[in-house]
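There are 2 protein chains.
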Amino acid sequence: MRGGERQRVFAGLDLGGTKIQAVLMDEDGQVLCQCRRATPQQGGPPAIVEELFATLQEVARMMKLEPSALTGVGVGAPGAVDPAAGVLLHAGNLPGWEGPYPLAEALSKRAKVPVFLGNDVQVAVTAEARLGAGRSYRSMLGVWWGTGVGGGIYLDGRRWTGRGAAGEIGHIVVRRGGARCGCGRRGCMEAYAGRASMERKARKAVERGEKTRLFDLMETHGKDRLTSGVWQKALKQEDGLAERLIARAIRMLGAGIASAVNLLDVEAVIIGGGLGTRLGEPYVERISQAMHPHLFVPQRPPDVRLSGLGELSGAIGAALLAGPTAEVASRRPSRGAKGEDRRGDTQSD
Amino acid sequence: MRGGERQRVFAGLDLGGTKIQAVLMDEDGQVLCQCRRATPQQGGPPAIVEELFATLQEVARMMKLEPSALTGVGVGAPGAVDPAAGVLLHAGNLPGWEGPYPLAEALSKRAKVPVFLGNDVQVAVTAEARLGAGRSYRSMLGVWWGTGVGGGIYLDGRRWTGRGAAGEIGHIVVRRGGARCGCGRRGCMEAYAGRASMERKARKAVERGEKTRLFDLMETHGKDRLTSGVWQKALKQEDGLAERLIARAIRMLGAGIASAVNLLDVEAVIIGGGLGTRLGEPYVERISQAMHPHLFVPQRPPDVRLSGLGELSGAIGAALLAGPTAEVASRRPSRGAKGEDRRGDTQSD
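One line per chain: the protein sequences are A and B, in this order. So in the working numbering, the last spot in the first sequence is 1199, and the numbers never skip. So in the working numbering, the last spot in the second sequence is 1199, and the numbers never skip.
Derived by calculation from the structure, the hints in this document are not laboratory data. These numbers were taken from a predicted model, which means no experiment stands behind them. A portion of the hints provided could be inaccurate.
Estimated spans, in silico, between C-beta atoms of each pair [claimed, not checked]: (1) Arg1094(A) <-> Lys1054(B): 32 to 40 Å; (2) Glu948(A) <-> Gly1059(B): 53 to 61 Å; (3) Ala934(A) <-> Arg856(B): 46 to 54 Å; (4) Glu1135(B) <-> Lys1086(A): 47 to 55 Å; (5) Leu939(B) <-> Glu1131(A): 35 to 43 Å; (6) Arg1094(A) <-> Glu1069(B): 47 to 55 Å; (7) Lys1073(A) <-> Leu939(B): 17 to 25 Å; (8) Pro1148(A) <-> Gln1087(B): 36 to 44 Å; (9) Gln1149(B) <-> Arg1075(A): 28 to 36 Å; (10) Glu1057(A) <-> Glu1131(B): 31 to 39 Å; (11) Ala904(B) <-> Ala934(A): 57 to 65 Å; (12) His1142(A) <-> Pro945(B): 30 to 38 Å; (13) Asp878(A) <-> Ser986(B): 40 to 48 Å; (14) Gly946(A) <-> Gln1149(B): 20 to 28 Å.
Per the computed footprint, the stretches of chain A lying under chain B, defined by three or more beta-carbons under 8 Å from a beta-carbon of chain B, are [said to hold, decoys possible]: (15) 893-901; (16) 1015-1024; (17) 1094-1108.
Only part of the chain B face toward chain A is listed, based on derived beta-carbon distances under 7 Å [what the hints assert, rightly or not]: (18) Glu900; (19) His1021; (20) Arg1035; (21) Ala1105; (22) Leu1114; (23) Val1147.
For every residue, glycine included, the Cβ atom is placed at its ideal position computed from N, Cα and C.
Turn these sequences into a full structure, and let the hints guide you.
The structure is reproduced here in structure tokens:
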């Protein structure tokens, strides 16, 4: 806080299919507090906006603030975003979300505070690049390993968005004509490594009579799908099917990420996302090893590192949408953060 | 030519395994004249330097100049280059070239003119980006389809070199665990689409008793390998094996280039190289079609275009190494060519 000035506080909301993660952040990029609430499974966009507001109130109250006292709020959402309009165009993973909805405007009216909207993976990768495991690199590739496999690219300290849809590393083809992907195409890295694809594969294996603890664990823990936590528990119990599917995912992540490195020759690869964060360092190391046979310059591999902000990366990245840009940049002048385009922090899922 | 000033003339030499292509270029990037000589197959680096000098003399003489009257000479060489030192580190496709050799210094001493060295594919892609088919785009991917499959990346009007080895699109993995590549790895795009790989595959097919005109055509035309011209002639004669191997190459080029586009979302893909240039527009269109099933945003594909400078792209790019930068840039101020790094115009094959 600067003498005489009122402290500027930003909120970030990471909107997921099952939960909303919130943080408050100061203008130096420090997280002040955080909370988490469940995403409403009924009521569609209006119910979700109401719950975003309730989450915002809860996190603001931790600093004895009203939402309207915040300098700005950023929301990272799982889907295609029009950042300039603040519209979430579609979001397959959000219950009851069909067609475009002016999320930023609706929440802004409710909370009486400026709201900025971005794509969840994109804001998380930005957070890692600026404040997390990527902050000491001038070029990096973020690989968000979760339900799908998303990504983001930082080159010369700036995010590369292409024509708006760059970073879709999950849809690098690692086996032409191979497994069917959730996107409808074949052989994408995500068709092997995405959690949704792995769950489909696991269900088919069970139908064929294969034994696994995966679905028992799912039910025991009150889940209706194979969450990252379920995979982690199954791996700890040395479940054969879980180990086999994760090994297959890692092989394909290795080939796909190495392909991207051969093309871009970045300094670092940052692994995040639900599965990446949950499985942690040993699996990041396995991904790094799986890349090695495919690297064109194997004697000089990129650093492969786990997300430094973990489960908060999305909420922190969302808070960055709301503005603590110049301040954070001033701490790391070499990153050239002033060139960053807030509106670019978004794109399709 | 400007009043009172002596015209500045640059030479570019594209050094290949079988031929040396030369151009003279003025400071506006216009080609003044060109000639071609055979690469000596014996005598190693000294013989090649001598022939580069002879080629330089021949092309300079067309403008009634001595080599020493040129402003500068650029050489594009097929291999890994240290541009600052002017050293060709290794060059598998050049006869008798083993280990590093100070090519720029040797030619500079012989010709009494400054010599700059770059990688052949990299300088060709630069030429296309600045003066050829890529000049109206701010972001592009060059794919050089020849003996191998090389590439280069232009983002925001500037070449992206990563840590020095970016652009190796030939070593994107399109089929993990698939065909053995010349690089020693498996499943690279080049293992299916590179001319050297296709020739190995064709020889094996013949050993298995398959009929093809490919090797007859090779001998008839006095070649000792399947050149781009031989492939073209076989395709014209509807040779079944040639058609099958080219179709396979195109499928894999489609998957690999689409992967790169999904990652980078560039505006344009420029197809060049020996095979690309020789086979021309209909095959560029086939590559574009083969990309389509793999594009993450298929409703907005990049433009896919044939190299605009054709067989001269390498020599023109080499000439650009020697300096007509500001002048060319001033004709297209939006491309920001001033940011270009001459030393970056080089990298491994």
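Evaluated hints:
{"no.": "1", "hint": "Arg1094(A) <-> Lys1054(B): 32 to 40 Å", "in the structure": "holds, 34 Å"}
{"no.": "2", "hint": "Glu948(A) <-> Gly1059(B): 53 to 61 Å", "in the structure": "holds, 59 Å"}
{"no.": "3", "hint": "Ala934(A) <-> Arg856(B): 46 to 54 Å", "in the structure": "holds, 53 Å"}
{"no.": "4", "hint": "Glu1135(B) <-> Lys1086(A): 47 to 55 Å", "in the structure": "holds, 53 Å"}
{"no.": "5", "hint": "Leu939(B) <-> Glu1131(A): 35 to 43 Å", "in the structure": "holds, 36 Å"}
{"no.": "6", "hint": "Arg1094(A) <-> Glu1069(B): 47 to 55 Å", "in the structure": "holds, 51 Å"}
{"no.": "7", "hint": "Lys1073(A) <-> Leu939(B): 17 to 25 Å", "in the structure": "violated, 55 Å"}
{"no.": "8", "hint": "Pro1148(A) <-> Gln1087(B): 36 to 44 Å", "in the structure": "holds, 42 Å"}
{"no.": "9", "hint": "Gln1149(B) <-> Arg1075(A): 28 to 36 Å", "in the structure": "holds, 30 Å"}
{"no.": "10", "hint": "Glu1057(A) <-> Glu1131(B): 31 to 39 Å", "in the structure": "violated, 49 Å"}
{"no.": "11", "hint": "Ala904(B) <-> Ala934(A): 57 to 65 Å", "in the structure": "holds, 60 Å"}
{"no.": "12", "hint": "His1142(A) <-> Pro945(B): 30 to 38 Å", "in the structure": "holds, 33 Å"}
{"no.": "13", "hint": "Asp878(A) <-> Ser986(B): 40 to 48 Å", "in the structure": "holds, 43 Å"}
{"no.": "14", "hint": "Gly946(A) <-> Gln1149(B): 20 to 28 Å", "in the structure": "holds, 26 Å"}
{"no.": "15", "hint": "893-901", "in the structure": "violated (count 0)"}
{"no.": "16", "hint": "1015-1024", "in the structure": "holds (count 9)"}
{"no.": "17", "hint": "1094-1108", "in the structure": "holds (count 5)"}
{"no.": "18", "hint": "Glu900", "in the structure": "violated, 33 Å"}
{"no.": "19", "hint": "His1021", "in the structure": "holds, 4 Å"}
{"no.": "20", "hint": "Arg1035", "in the structure": "holds, 6 Å"}
{"no.": "21", "hint": "Ala1105", "in the structure": "holds, 4 Å"}
{"no.": "22", "hint": "Leu1114", "in the structure": "holds, 6 Å"}
{"no.": "23", "hint": "Val1147", "in the structure": "holds, 5 Å"}
Checked against the numbered hints above, the structure breaks hints 7, 10, 15, 18 and satisfies the rest.
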